[in-house]
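Residues per chain are reported as follows:
Protein chains: 2
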Amino acid sequence: MNKQLLMRRYEVLGKSAPLFYDEPLELVRGEGVWVYDASGRRFLDTYNNVPHVGHCHPHVVAALTAQASTFNSHTRYLHENIVGYVERLTAKFADSLSMAMLTCTGSEANELALRMARQHTGAQGIIVTSCAYHGNTEAVAELGTAFMPEARTTQRVLAFPPPCSYRIPVGASADSLADFYAAEVAKAVATFSQRGLGVAGILICPEFANEGLVMEPPGFIEKAVDCVRAAGGLYIADEVQGGFGRTGEHWWSHQHAGVIPDIVTLGKPMGNGHPLAGVVARADLIEAFGDWGMYFNTFAGNPVSCAVGNAVLDVLEQEDLLSNAVTVGHYIAERLDALQAKYSIIGDVRHKGLFFGVELVSDQDSKQPASVSAMRVVNEMCRKGVLISRIGLHDNVLKMRPPMSFTHEHADILLETLDHCLADL
Amino acid sequence: MNKQLLMRRYEVLGKSAPLFYDEPLELVRGEGVWVYDASGRRFLDTYNNVPHVGHCHPHVVAALTAQASTFNSHTRYLHENIVGYVERLTAKFADSLSMAMLTCTGSEANELALRMARQHTGAQGIIVTSCAYHGNTEAVAELGTAFMPEARTTQRVLAFPPPCSYRIPVGASADSLADFYAAEVAKAVATFSQRGLGVAGILICPEFANEGLVMEPPGFIEKAVDCVRAAGGLYIADEVQGGFGRTGEHWWSHQHAGVIPDIVTLGKPMGNGHPLAGVVARADLIEAFGDWGMYFNTFAGNPVSCAVGNAVLDVLEQEDLLSNAVTVGHYIAERLDALQAKYSIIGDVRHKGLFFGVELVSDQDSKQPASVSAMRVVNEMCRKGVLISRIGLHDNVLKMRPPMSFTHEHADILLETLDHCLADL
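Here the protein sequences line up with chains A and B, keeping their order.
Each residue of the first sequence is one higher than the one before, starting from 1 at the first, in the working numbering.
Each residue of the second sequence is one higher than the one before, starting from 1 at the first, in the working numbering.
No lab work stands behind these hints: they were computed from the structure.
Remember, predicted model here, so these are calculated numbers, not experimental data.
C-beta atoms are modelled at their ideal positions from N, C-alpha and C, and glycine is treated no differently.
The reader is advised that the hints may include incorrect statements.
What the hints assert, rightly or not - Pairs of lysine-lysine, DSBU-like flavour, derived with a Cα cap of 35 Å:
id, chain 1, residue 1, chain 2, residue 2
1, A, K3, B, K92
2, B, K342, B, K367
3, A, K92, B, K342
4, A, K92, B, K3
5, A, K367, A, K342
6, A, K223, A, K367
7, B, K15, B, K3
8, A, K3, A, K342
9, A, K223, A, K92
10, B, K384, B, K15
11, B, K367, A, K15
12, B, K367, B, K187
What the hints assert, rightly or not - Per label pair, the in silico range of CB-to-CB distance:
id, chain 1, residue 1, chain 2, residue 2, range
13, B, K15, A, G122, 21 to 31 Å
14, A, E334, B, D314, 21 to 31 Å
15, A, H59, B, K92, 33 to 43 Å
16, A, F147, B, Y331, 27 to 37 Å
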């Protein structure tokens, strides 16, 4: 480890600026699914969904360079790039989601969604899960009921438990789980009504990524959204992690449940690492928001960012990466199931496309979270050259989310390394 | 004008997405201080402080391309670029401002500053001017007392009138103006105390850019900050418009008043158009904030953004652009003074470095704002090939803020065109 660089970092960024792994990596080069440290050692990146079509994809870099050499400016001039990009982007959504506003980050996108929902409904209450993370601004930090300080004092956010089919809550039964969780959402609606705040909307990541990629009991999202809509609120789908084909089959993770949101927020994979994010929403919501207050974002939607966004769509389509996510995703899931049969510490294997959650438990019956083991596996995987992370209410769910160009050969490296790490526990 | 593109834009971005000028420009190429429309016509860009060292500066584009081709990732790995960049950046501030947190936008930087100030002080109240704009997230929109909807209902923001030396408010006299405005700040402190909110800080753009580049009565900032600090609050300087040498002589516009802030926010010019912004602050504030809550920003501080930030500093230093801002700034100011002698509609000429405010009034004595004339001048300048804008409480202050590489020859074009437009009024 480069201790000198770490000490210098502490001096200017502080000791709390987060770093991955026991021994932080110094990465200096990336190509496809591989990243390289300063000594030239390579690591398989199965964590990072930001370099969505692969690190330093030449088509994306070429688009970035060409536009940055030609013109970059804000969106108060006309430019083909933003119009063409947003046309292409919104065409990938249901007809009702026909307009967009671009931002630079997922936090800004969720800020905009909250402002828009509260303006439209005249209500304040937002319903999230109790393991949500949607970004780092104050209004968005209020949603982070798991650990963000602002969430501890706000009155206008209420959380329900992640709608998990693996851990059955006390008082619930396996065959009526969707109703059980929907009733929790209904309680939040009622509480907001008692508080005089009303309900502005429900904001969820439709694949419940931070919740540990829990699998919703079928029908839950429909029931929850129906309840919120009946009270006048909107359905906001946070696709910052699940969007752009990550979950395979569909472009957007909300499509799995078949409920069309009113507002969708986008981020991480959108620009393959370039700061590009945004909101896709019903046209009436965007028009009304624009009439209510001026929104302008200096950098967002600039010609360079939109060239990059277009290039990411090019690669996803030309390299048929959604199909790849389905094929390789199924292959990995089958192999993970086989590991589950071999290692009793694996309590549950969940996946959608190229997004995997492997829940570690110390006992299959009690489902006691094996959080320390999960931490050990993550660090051991890193030492053996494979980057993964962990997530969930108990930080005991191994999280894997490789670039969309991940192949069967890469999968074999991931799975063999995971096999070794689990054997060594 | 490209009406077809405008119609397509309306369809996907909505009619409220802001555009400049009566007849919106379609710009397709930029080089130095020049931008070119789709027909090949060139315009002198004297408005845009985002392409700070000039549109598409080859050194900046080369740095962007080289790093984007090599590696881009978040800041949870060690990387020389962010550490080296922040070392270099903080070295340009007073010793007490020794740490930084990077963001993607000025809004995110101001969000962070507000969260940090409120966490540190345990108080909620923020004092701003009544013509402030600091960004587009909810908590930051609350500061936009001039026109942002959230500002109308918040209790935790209070505004004082812009500390202008040109328009003497009723009840004030020219020789005690600093005390008059400082008393307004003291009133806000007292009101927050009555509300039980306390004062977290005063947040100002030290050159009062949105206020029309008003010149503070000497000593005002010191008096105001003393008052806020005596009540336990912090001084937050928003350098999103005034930073990186824009005002000449100093790197930061807060240096003109000689009062060192507790927190400084940076944005627009920082990455020459690439989404790069941040907070520079006292180390104890950043450490305490990091202990309080987790802050992580997926895109901010990535190796590409930091390479771009470094390249901008390279150009500012190598091309000696701060000296240029002083020299060319004085030249333009003298010529604007001459125009004031010629045209009675010019009530006041204000400048710092390469930032100019020309206040138009219909009468020199009553100082009645000539807002409609200002709008006409802005649009006529555009038709004649020079891009400027207008600002201030009454939208009657011509705002000019060209790239830092602006020369005497460019200045002559600007001034001759302005002369013609004023003559035609």
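Do the hints match the structure? See the list:
no. : hint                           : verdict
1   : A:K3 with B:K92                : holds, 25 Å
2   : B:K342 with B:K367             : holds, 17 Å
3   : A:K92 with B:K342              : violated, 58 Å
4   : A:K92 with B:K3                : holds, 25 Å
5   : A:K367 with A:K342             : holds, 17 Å
6   : A:K223 with A:K367             : holds, 27 Å
7   : B:K15 with B:K3                : holds, 13 Å
8   : A:K3 with A:K342               : violated, 39 Å
9   : A:K223 with A:K92              : holds, 25 Å
10  : B:K384 with B:K15              : holds, 26 Å
11  : B:K367 with A:K15              : violated, 53 Å
12  : B:K367 with B:K187             : holds, 27 Å
13  : B:K15 with A:G122: 21 to 31 Å  : holds, 22 Å
14  : A:E334 with B:D314: 21 to 31 Å : violated, 52 Å
15  : A:H59 with B:K92: 33 to 43 Å   : holds, 37 Å
16  : A:F147 with B:Y331: 27 to 37 Å : violated, 55 Å
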